[in-house]
Amino acid sequence: MAETHKEIVKVWIAPGCIVCDACETDCPEVFEVQEETCIIRPPALKADFTKPLTPSIIVAAEGCPVEVIKFETIDVEGPEPAAWKESKEPAAAGAPAGGGGGAAAKKAAPVYDGPPDPKWAGLLRTAATRPHAATPNAATVILPAKAPAEAIATALPHGAPPDAIGAAMVGSGYARPRPSIADRIRSKGASLAGAADMTRREFSIALAIGWSCVAAFVGLFGAAFQTFFVPKVTKEPPSTFRAGKVTDFPDVGVYEQFKGTNGVWIVRLPGSQLVAISDICTHLGCIPNWLQADQKFKCPCHGSGYHMNGVNFEGPAPRPLERFKVSLDGEFLVVDKSIKYRQELQQWNLPGAFIAV
Amino acid sequence: MPTSITTLASEAGHALVSSPAIDKFMHVVNYVSQPQISLPFFFLPLFILMLVLYKQWTRPAVSTLLFVLFCLGYFGSMAISTDYLSIIQKPDNVPITIMLIGLLVCLWMAFRQAAVNDERIAQGKPLIEETRDDKVLCWPDLVYTELICLLLATSILILWSYGLRAPLESPANPAGPPNPSKAPWYFLGLQEMLVYFDPWMAGVLLPGLIVVGLIAMPFIDTNPKGNGYYTLKQRPFAIAVWLFGFLILWVVLIVFGTFLRGPNWNFFGPYEYWDSHRQVPLTNVNLSDFFWNGKNLLGFGLNKPLPTNPFLREIAGIVFTIFWVFILPVLLARTVLRKLFIEMGSARFYTMAVLFVFMGMLPLKMVLRWVFTLKYFVYLPEFNLNL
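Quick note, the sequences are listed as chains A and B, same order.
At position 160 of the first sequence (counting the first as 1) the number is 160 in the numbering used here, and the numbers step up by one without a gap.
At position 325 of the second sequence (counting the first as 1) the number is 682 in the numbering used here, and the numbers step up by one without a gap.
One chain only, chain B, in its complex shape (with noise of 0.2 Å):
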């Protein structure tokens, strides 16, 4: 965007600024954008209002409010705040808008069609798809179509690369790499995760399960229903461990890395001043430290001194793991899962549960950080794993 427009949207916002009340609203919003208390008080209860709401919000004319109520608070706070304007006027972070805008636009267009046709499925009439004539000619109607987003593209990106100036850096210098170091936008998801766990756990088997799980949800997921329409009533399991993944586990981490880590990788309000030299206490404790000493909130523990057997020393964390991957999907095929178990067959399920847990594995150890400090489940440097 234009610099100097938003330059005199800022200078225009300063009178705002020194208003006690704005003040007070920025220090709130900077306190609860921390993501212990955002990701389960704020974009969770978020989530699941989408899925359960969504005759509601999905009518234009709601859903045209809510985005105008959005586009206010994500631009208009360009106004108030020059450390979130220079947040979203940097180069680096133009995508990260566009990519907002359009996931609201594409989420609406499902979520819209959706509602309509589980509305007209519960009256028995025919889906939308089967009323619309999609059909047309390749020449000339997709051709031209085709054409013209060629075009369009090009010329956007004429005009990106000729308005905003790429972010070209000093030299690489070993001695004093850049602070906050960060990756590409797109793999920032992925960095945020690092924070929570091992590189070959965060860097290596997460990311490849979540290539691997793509790859099979095909073969996962035989269920016809939604195949060619849209629809939520027939596939709520389904679209909301879609959006679970790809919504709060990916865009939402993406959005944090992006907007809300600052120096040294500590965690900064939207308008919030980027301070080197803040200090966040962020002292982590291992799960067999909290087995052995008793060095947790509740209290409870052996109080004996760590063993020198790296085995003995992690039991618990390898109880759990094993507990975790192995016992838990069977567990979710007895019980709350049985249904789907029946259904799906056992090796069908069992692919599926076993991507399940180590997907929840993210959310549960983001939780036991935030609330226990947690560091490790499983702690063996000596053989390089940690878990």
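Looking at chain A on its own, in the form it has when it is part of the complex (with noise of 0.2 Å):
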């Protein structure tokens, strides 16, 4: 029977990687690690491509802690390549037992030898931690070595979460933490702003004029918003009207026949006063009743009263009705609803609260 062995076809990787940079540094062509998880270089998709490089995926393989990655192989007549074998010793440099051929691999970064380490030890009590988390500042080299991945295995629980695993990986100096997102965004942001170089002047001018457009935004959205508490089409009556001619209100009493149209009542009082009133509650904006046989204003909300000339008292109305501008055009009377005059800031006295008749 002729000689064969055996190359890779078809790689992937099975849920549950821990991201620990292990086989993206023993086989670089194939795998790249990412913020999740580890992903098979599109490349890598190949046959062609892997199979050269079946021992080194064999290696990233076996060191995988949480052996995810996966692999199908197909048996090739003739003899492996005498590269190959080469390449595969590292492999067998970390081994516990001999330590003395690991020398190589020594002058990178220590080897995990003897019992594990106090550190990652304590690690794996709070088994939860995460990997850089627990040790921010390791940046050992990691090991193609095996045998940390066996020791691992052996000291914490069966079924330990991956999250454990990961820490007794960095704790043993078996694998790297990638940085947190968050310090990656730091050191990008510091070496693109180089905020470390920007003086004191600098900083102040940057944050003047951040500050600025956060200000001018604002003021910006505020004035286009404030345009939406203004109504855009009204169906109210003009605030200026005729309200018919003078002889129309002969004598004293309340004339309705505007409340209706404009929300006005025109009252001739005794001392020969015509007004225009308000028809607006002022207590909470109700619309009151004229009761002619009371003689009184009445609100049917909270039952605020008011006499004849618009002055409230009874019931929680908190001042008299308002009266509107009046002016004569010739015989005609005129009110004005956009100029308002209050009794209790003294203004039923002025010209144009009343008209005298």
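No lab work stands behind these hints: they were computed from the structure.
Note that the coordinates shown come from a computational prediction; the quantities given were computed from them, not determined experimentally.
Ideal Cβ positions, reconstructed from N, Cα and C, are used throughout, including at glycine.
Where hints are given, some of them may not hold.
[Said to hold, decoys possible] Negatives, chain B to chain A, calculated, CB over 10 Å:
{"hint": "1", "residue": "Phe404"}
{"hint": "2", "residue": "Ile405"}
{"hint": "3", "residue": "Thr454"}
{"hint": "4", "residue": "Pro483"}
{"hint": "5", "residue": "Glu486"}
{"hint": "6", "residue": "Leu551"}
{"hint": "7", "residue": "Trp599"}
{"hint": "8", "residue": "Trp622"}
{"hint": "9", "residue": "Leu639"}
{"hint": "10", "residue": "Ile679"}
{"hint": "11", "residue": "Leu688"}
{"hint": "12", "residue": "Tyr736"}
[Said to hold, decoys possible] Computed beta-carbon distance windows for the label pairs:
{"hint": "13", "chain 1": "B", "residue 1": "Leu460", "chain 2": "A", "residue 2": "Ile181", "range": "51 to 61 Å"}
{"hint": "14", "chain 1": "A", "residue 1": "Gly271", "chain 2": "B", "residue 2": "His634", "range": "44 to 54 Å"}
{"hint": "15", "chain 1": "A", "residue 1": "Glu32", "chain 2": "B", "residue 2": "Leu508", "range": "55 to 65 Å"}
Since each chain sits alone in its own frame, please combine them into the complex, following the hints.
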């Protein structure tokens, strides 16, 4: 039978990656460790690409602490290429029993040797520590050794969560933790903006510009927003209107013909004054009724009562009914609702608050 | 409720209506139901009795008798007065009836368990809640219960909407607002408050403080007693204050606003015809008038004209307000509530006390309005500020 060897034609990652970077160090051509998981680089999806990389993929798969790297092989006729044996050497170098064989690797970084490191043994007890949070400054070079993984597997309880394995990996010096996203953003930002080189003056200017932009935005937005409070279309009648002839109001009393259309009572007061009284209750804005029998305005909402001249005398109304400006246009009475006269501000004696007839 | 039955009951009761004894009874009830009599002399004593005699009235036999008496009075009155009948029958007011009966049942349940628990605590026995195994399975117990509740609620709503017409009124007419103009029934307590206060006070500040107070409650009251079990003996102050605010200052005011406020927001007894031409003298006087003019029942006063400076004019009300809001809490902490002050610490106590005095302002203002026809403590229309 002809000599055969195995070559990898397909490699994939099963769920459960702890993002420990071991595989990328072992075989950067195939594996790329990202934020959440490890992926296979697109070229490595083809069998022709992975075949020559078979030994390093195997090393990576064996070195994976959570053993999520899976591959599929085919038998190929012919002996194994000589170069492959050499490349497998480092895998044996880290064996705890030997120790001496890993001299080359030891130059790069300390190799795991002996009982569990007290640092990661402590981490194991708090089994939920994230790798980079546990040892933020650990910058150990990853060792392509299988031994720590085995030691970790025996030291950890069965079915330990991936976080615990990761912490153990980092603590033992087996894996290098990735800096957190925040750290990476910070370092990126620092290198882009040159924050470290910024002077106090530059910082102040940048701060002023930034806050000016915020203030300008809020101001413009507020200016735009306040127009929503003003109706675009109103159905109100014009504020100034003709309320008939003066002779239409011959007797002392309340004339209600403009209440429904304009919200105004025309009242002829005993002292020969003609006034226009608003029909809005000063308590809470309801519309009172004129009770002819009682000679008073009475609000149906909370019981405020007003005399014929608009002065409040009962119920919760805080102040008298308001009066509108009245003027004469020939023999016609003109009411201007845009100008109001309030008794408590001593405005009822002003010209325009009444017409003497 | 179906109109035919109530009409029948009403017709059957007409024979009774002519009786002079019934007339006399209705007249008396109409008279005593006005708020200045019923609130201090009926509802307040009833409230105190409810708290003091809670072991007696919650006994099943006693409470059943009381409930039957309430129903006799509440529903039986429909037979003797058509005016009362028209109020109760109004579709708007049906929720009030449901609320009242539901409230009575809930009150009884809470007070009954509190009475039993307090007795057990006194005897050193375990609480009801400790002896009871309340745990049920989510599936199927809880889900089935929820399904049944859902179906029941839906069918009740369907029957309700089928049986009672929605009270649609004529299109809004600015020249002729409905008289009386009433808020939705759950806001009628607020509308009743507005009779006694300026809009910003009764419409903004007090409702805001109600909400703030409810939010602050778990932070003010950190007493663990009563957590998870009913008791009255261990929490008399907290329960009394809460129930006073809820029952007297909210529910009773809703009932007043719904049943007893008629045209022109005048007060009408439950068996009274809503006469829109009834004249009720409601002339109100500000505290500044009392202070400077001596226009009061007691006859004291400075007998001087009102000063023109508004702040000088309102000095009595301003001093009173400062006393009520800022000094009264300190006095309470030094005197009657000293124990509470030490237990709670100053921050908690003063938060509680300020909320407390604001709540007390409503009954205070009501009493002063009824007795002295007081309108406002502080009357500053120049600044649209009244209190």
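Let me make sure I understand: some of the numbered hints might not hold for this structure. Which ones are they, in numerical order?
6, 8, 9, 12 and 14
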